[in-house]
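S.K.: Once you've looked at the hints, dock chain B against the given chain A.
Residue numbers (the numbering used here), protein chains in the order written: chain A, 93 to 1392; chain B, 687 to 795.
Hints may be right or wrong, so weigh each one.
Just a sample of chain B residues kept apart from chain A, beta carbon distances all over 12 Å, derived [as the list claims (entries may be wrong)]: (1) SER718; (2) GLN727; (3) GLY729; (4) HIS745; (5) GLU757; (6) ASN761; (7) LEU763.
Straight-line C-alpha distance at most 27 Å; calculated DSS-like pairs for lysine-lysine [said to hold, decoys possible]: (8) A/LYS200 with B/LYS746; (9) B/LYS746 with A/LYS544; (10) B/LYS740 with A/LYS521; (11) B/LYS740 with A/LYS512; (12) B/LYS740 with A/LYS517; (13) A/LYS517 with B/LYS746; (14) A/LYS909 with A/LYS943; (15) B/LYS746 with A/LYS1053; (16) A/LYS484 with A/LYS517; (17) B/LYS733 with A/LYS200; (18) A/LYS195 with B/LYS733; (19) A/LYS280 with A/LYS317.
On the chain B side, residues computed to face chain A include the following (Cβ under 8 Å) [as the list claims (entries may be wrong)]: (20) TRP714; (21) ALA717; (22) ALA726; (23) PHE738; (24) LYS740; (25) GLU741; (26) THR742; (27) PHE744; (28) HIS760.
None of these hints come from the bench; they were simulated from the model.
The C-beta atom is built at its ideal place from N, Cα and C for all residues, glycine as well.
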Amino acid sequence: MAALLRPARWLLRAAAAPYLPLSLRLLAGGPGRPHAALCLRAARARPVAGGLLSQARLHSIAAEKKNYLQEEPTSSHRRNASQFDWALMRLDNSVRRTGRIPKTLLQKVFDNTCHSGSAGGNQALLLLRSCGSLLPELKLSERTEFAHKIWDELQKLGTVYDVSHYNALLKVYLQNDHKFSPTDFLAKMEKGNIQPNRVTYQRLIAAYCNMGDIEGASTILGFMKTKDLPVTEAVFSALVTGHARSGDMENAENILTVMKEAGIEPGPDTYLALLNAYAEKGDIDHVKQTLEKVEKSDLYLMDRDLLQIILSFSKAGYPQYVPEILEKITYERRYIPDTMNLILLLVTEKLEDTALQILLACPISRESSQNDFGSFFLRHCVTMNTPAEKLKDYCKKLKEAQLHTSPLQFTLQCALVAQKLDLAKVLMKALKEEGFPIRTHYFWPLLVGHQKEKNVQGIVEVLKGMHEIGVTPDQETYVNYVFPCFDSIKSVRAVLQENGCPHDDNVFSQAELRSKAVNGNLDYILSFLESNTLPFSFSSLRGSLILGFRRSMNINLWSKITELLYKDGRYCQEPPGPTEAVGYFLYNLIDSMSDSEVQAKEEHLRQYFHQLKEMNVKIPENIYRGIRNLLDSYHVPELIKDVNILVEREKTDSRKPSSSDLESKLEKLKAENQPIGDILKQLILMLCSEENMQKALELKAKYESDMVVGGYAALINLCCRHDNAEDALNLKREFDRLDSSAVLDTGKYVRLVKVLGKHGKLQDAINILKEMKEKDVLVKDATVLSFFHILNGAALRGETETVKQLHEAIVTLGLAKPSTTLSSPLVTLYLEKDDLPAALESTIDCYEKYKILPRIHDVLCKLIEKGETELIQKAMDFVSQEQGEMTMLYDLFFAFLQTGNYKEAKKIIETPGIRARPTRLQWFCDRCIANNQVETLEKLVEMTQKLFECDRDQLYYSLLKLYTKKQNIVFDNETYARLINLLLMKDNSTQAMQVKDFAETHIKGFTLNDAANSLLIITQVRRDYLKDALTTLKTALDLDQIPSRLAVTRLIQACALKGDTESIHDIQKLVNGLEDSIGLSRMVFINNIALAQIKNNNIDVAIESIENMLTSENQTVDPQYFGLAYLFRKVIEGQLEPALEKISIMAERLANQFAVYKPVTDLFLQLVDSGKVDDARALLQRCGAIAEQMPILLVFCIRNSQRPGKAPVMKSLLELIPELIDKEEAYTCLMKSYVFDNDVTSAKALYESLTAKNVKLNDLFLKRYAVLLKNAGESVPFTEPPESFEFYAKQLKESKETHL
Amino acid sequence: MAASAARGAMALRTNIGRPVAFVRKIPWTAASGELREHFAQFGHVRKCTVPFDKETGFHKGMGWIHFSSEEELHNALQQENHIIDGVKDLKELNWNSITSTNFIHSDVF
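This is chain A alone, in the form it adopts within the complex:
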């Protein structure tokens, strides 16, 4: 706590400073937590795109980095490291997934690095290496520029360069064909006091060779010789290029001979250099010859190499030879990213025709065109300003080839995003020609850009373009995208006319009307509606008008506009007519307001309704009922009677008797001297529902002696609704006199309290409360809420005494607990009056009385806003004294957040020692959600990033809730990924899928990472959505992800249990080539395919294929690893007797005829494991060799000893094969198992038989046994080894290692 205290005290001092907002800038201390362990992936087994297209091996840097960190573990380096970690992950991910890095990503990582103020050597290396061929979307010169910018900026930040950085820069130069002087480069290194190494020389030679400068290359080669550096294949390959580029093909070819003489066999790289050299000369014959030569040799050119030859041909101006090379490409899946990168590179180099050729040659499956292929190409073409006509043609070809379903639409979208008007126009015309409609909203993205810059000319151009295409701007276009660019709508009209922009005057005027309405300019609306001559639909204006009404509180204008709309022949006249239209409008108006807004505007609304009544405006009864329900839920039932007066009475049900019918009936009965109680009550109830208080009261006065309890109750309620406290009170007294034991319902009591309180009849109100207590009236949650509204209403009106006395009465009577909510009006009273000292006093007073701190957050916020430093100090002292430092810090944190003092908030939450308080954080999240505070919640999520023990997922979940509530999703990959992971962890795959779908629609290229997809597969399998799981697997693999072994295995097993052989085969094809990366054994497939076949009753097929595998000449799996335990176990568990029998025969046959003992041993062990000891014994008798399969038996023992409950199995095994006891591994495992299961008897027997044999037992064994005995309360017959288990385990391991 001491640490917590320091900054808090400091804050209080800082708060006394004369300037505001409160500054916490000097607050000391960063997060005093240990740095998160660095976890770096080791280099993947799977090669990523490399060669020309991506040579940077980001992984290797990662490996270097570890050492670097160990050398200098200072704190500043640690921070760098964590950042570096992040950057590495982002770049690494991109390279792994696509073989390239988008420029924006590199820029972002670079900016972040600069922002952090320092960059480590490895971080610099990472950035530099990214500037070469990993950026196919950038022109070569731009890439080098980028590299130079990084070099210079990082140097300024103090990064120290070593030879690896210079080498990286050289490589970037080579990859980017950058022309530079190698001697200058060497001089630069010398100046930096850096010694060139072999790699430097090698790359300098390559640089000379690329320029065709053999002489220069020879000089460097001379250097290398004097330094005794080895000349590698890379150097020879460079020389091939060098000679070729100097025009000497003969010598280029000779290099290969020279190499051989020097004892270096030319490898693929050398041949590739030669092939590229021919390609650059356009010499297809030699290229083909050389390719044939390579094919005949044992060398192998990969797709990646062939792609490079294509690049050479294209760049040298021989695109005609591309198809011949394309034919040779195998299109292995892992080279698809390489192919895509080549396509991008060609587009960058303005060789887009060749790019298309390659694209069309890609063997993408066309029937199941789930995903359009070629979007990346089209998008990049748009970025690189490929001529519009060409793009049109490409779209046509992609569509014809069935690669892309809607290429024109997609390209148009890209053009719109990039705000390319001319291109967009061409594409729209093309779409139009193909019969697609061109819609108004297509132009909005184009307008948005100009609108942001207030570029009037740009807007005009787009509007002209719309006209050209034949699209008329609609109201939305003007209101949302055109008007905001201008100072006034008048000037819009002028500019449009000036520029000859045709526009529909009607649409324009209505747009203007809407725009004025939204701004609350009701005068304009009225005069427009009066002078307007064109018909238009009221519903199109409704939304804007409601906003306008809420902005302007001029009730006279409200009424006049409503009246005009209701009565004028131009509006609302067509069915369903004005009554319906205006009624619906009123409903929407009230519905759009919040309860507090309606409460605040109660008087205005009342006035409005009464004016409408004067104007003879009517609404249908059903809509009135809707409004009544709304008002009730807003806690303003007093307004109901005011709306009621608008109801169209004529149309009410004529079958029901009217009030006048009833009245005459009543009079008749009275005259006949008959009882009138019932009919009187009926009449009063009817008058109440018609809100006719006057008449109802008269009636009561006239027939007072015939009144019954029910009539009084309805009347009291009616008077309350009409705010008639006097009569309500009198009626209540009469009611009591009639029957003092009669009880009103809770709602009526509450309304009485409200009305009486409002009219200053405090004592009477309190008496009602007392009666509620005495008569034990049911107090529900809703009642307590009503109490709150009564108190709050009084507080807002500033009625101090009413609030205090009623609160006091409610609490002392025990009608409700003094909760924070119920007591908050006590504070609201003063907050409303801006009397902050009294507000704080009141809060503190509540704490002293009830141990609650109502509205402390709001009080603090106001104090901060007003800069009341002394009061803040007082508040903080009180809170920390009463509730502790941590609560105080949270209070302060939230108050700073709420008031937008983010810097100060950040300092607080970074106080050393502060930890997450989930309930408080959730409270604030909920508050933000309720109040639609997106920014505040985002800041909270951001600031709590490093908060100790903070449940990030929960915070992100809150954020998502708010986004969805606002229907305003801010798309952030991380948010979604987290959420999906969270839902998956909670085993809620349904929701996870929903969120994932959601994310996919909103984030371009949104994907789950490896781990999440694996988790998803597991969840889907568990829920038995196998088809979905299979699709997920496909998706993951398409993204070049490596799913987890567990996920793939679970899926295969589930398919097998379903007998779905086909799916297992599909999976096998999908993961083909990735088995090692996933860690998947071939046996998983063999076992499960067999199991699936057996489930389908194809037992013979299953057995035959297994037998074939084990007895054929070319075995794919060594018999000794051919484990079928899983299959056996499933067959035994499933009690598939016929299958078990046949399997048993097969296993024995394999053992007896082919000397393959693994299957029979596995079967034996599985029988033992399943408790079928007799079957096992029989099998052992038939096939004695099982007992000799010690390695298999021992592995079984070791595995079983790691699980509890296996002691009986181990015991049976020992009984069947007593020789096992001679093996140290075996008896160790046995003891372990017995100890696991507390089987003292068996342990004793084992120990005795071992000592009888004079076996020297190791300490670990003895320790285990001793502990078992001790726990069982028995004496230990030897000295217990004194050290811990770990100690002996380690000792044993070491002794075994030294023996080896």
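M.R.: Using the frame of chain A, we list chain B on its own:
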């Protein structure tokens, strides 16, 4: 292009119990007019919103269809695929709110 319809109630207060379908994956080429036209075959569309992002000029690929009755909503949700702008499937699932777990259709890919 793909779009999906789901029973929706994301707005917290007013939509509860109202027959509203939530539609996802609306292609950028379609706006509320197209959506309204498509869903009119299942019943009376009282209201149809496809909010546009004023920052980009594009919509966010989702929208809300307010039907007059539960039955009409049900009709719309019954249909396996919804195709807007003639290109691809729209699939359905039930998005009652983000806390609901009630799936109509599990084939969500």
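S.K.: Could you work out which earlier hints the structure fails to respect and list their numbers in ascending sequence?
M.R.: Hints 1, 4, 17, 18, 22 and 28 not satisfied by this model.
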